[in-house]
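K.L.:
Go ahead and model the full structure; you've got the sequences and the hints to work with.
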Amino acid sequence: AQSVAQPEDQVNVAEGNPLTVKCTYSVSGNPYLFWYVQYPNRGLQFLLKYITGDNLVKGSYGFEAEFNKSQTSFHLKKPSALVSDSALYFCAVRDMAYGGATNKLIFGTGTLLAVQP
Amino acid sequence: ETGVTQTPRHLVMGMTNKKSLKCEQHLGHNAMYWYKQSAKKPLELMFVYSLEERVENNSVPSRFSPECPNSSHLFLHLHTLQPEDSALYLCASSQVAGEGTQYFGPGTRLLVL
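First to last, the protein sequences are chains A and B.
Going by the numbering used here, the first residue of the first sequence is number 1, and it counts up by one from there.
Going by the numbering used here, the first residue of the second sequence is number 118, and it counts up by one from there.
Honestly, the hints are just simulated from the structure, not real lab data.
Where hints are given, some of them may not hold.
Unchecked claim - Calculated pairs, PhoX-like style, for lysine-lysine (alpha carbon to alpha carbon, straight line, at most 25 Å): (1) B:Lys157 with A:Lys49; (2) B:Lys157 with A:Lys77; (3) B:Lys153 with B:Lys136; (4) A:Lys49 with A:Lys22; (5) B:Lys158 with B:Lys139; (6) B:Lys157 with A:Lys22; (7) A:Lys77 with B:Lys139; (8) A:Lys49 with A:Lys77; (9) A:Lys22 with B:Lys153; (10) B:Lys158 with A:Lys22; (11) A:Lys22 with A:Lys69; (12) B:Lys153 with A:Lys49; (13) A:Lys49 with A:Lys69; (14) A:Lys58 with A:Lys77; (15) A:Lys49 with B:Lys135.
P.N.:
Here is the structure:
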């Protein structure tokens, strides 16, 4: 079965420093990977996705993610963190086990990013 | 942010009440989803609709009853809920069920007393 793991419940970083939020995945076949962000009392906002092509994917708000097939990872990165980046970040993988409309997104448990001023 | 809207944003109900959650998407998508988000747990997919037909029901208790009258609207009817059903209920939509990017609404924060 497809799965995704976010090993850190919380990541703390100082404003202006680079940030990394980790995600590893387990899939059979080619992975379709996503990052979403959730601000307090809000729904999930799509940040970026990897389907195929370049291993470095650029997304919204200056975020990017690097797909690493050998390490089965899809870490989210940003060169310089902002206090406003503080939120809950979710990694997700598409489960293609049964195909078609039954494909579903499998989400990680989320990583809380706290950016200190 | 306004592509998928949900009402109400907050709901408090007793275990004997009947209430409904509403979701509307303005993106021209053909698929809609209900998720449950509880603290410290991954998002749980509850229901999937494709062109108003239910294609997925993830062993959800019958006290949750979805309805999709058209591809833009999705309801979740609630009755005789339990306190453990308290959670954030998120609606999402995508162009095609099982494909593409899902876009989420802001959620309904439900508290069952």
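K.L.:
Work down the list of hints and note, for each, if the structure agrees.
P.N.:
Taking the hints in turn, this is what the structure says about them:
no.: 1; hint: B:Lys157 with A:Lys49; result: holds (24 Å)
no.: 2; hint: B:Lys157 with A:Lys77; result: holds (23 Å)
no.: 3; hint: B:Lys153 with B:Lys136; result: holds (16 Å)
no.: 4; hint: A:Lys49 with A:Lys22; result: holds (15 Å)
no.: 5; hint: B:Lys158 with B:Lys139; result: holds (23 Å)
no.: 6; hint: B:Lys157 with A:Lys22; result: holds (17 Å)
no.: 7; hint: A:Lys77 with B:Lys139; result: violated (35 Å)
no.: 8; hint: A:Lys49 with A:Lys77; result: holds (13 Å)
no.: 9; hint: A:Lys22 with B:Lys153; result: holds (23 Å)
no.: 10; hint: B:Lys158 with A:Lys22; result: holds (17 Å)
no.: 11; hint: A:Lys22 with A:Lys69; result: holds (14 Å)
no.: 12; hint: B:Lys153 with A:Lys49; result: holds (22 Å)
no.: 13; hint: A:Lys49 with A:Lys69; result: holds (15 Å)
no.: 14; hint: A:Lys58 with A:Lys77; result: holds (10 Å)
no.: 15; hint: A:Lys49 with B:Lys135; result: violated (39 Å)
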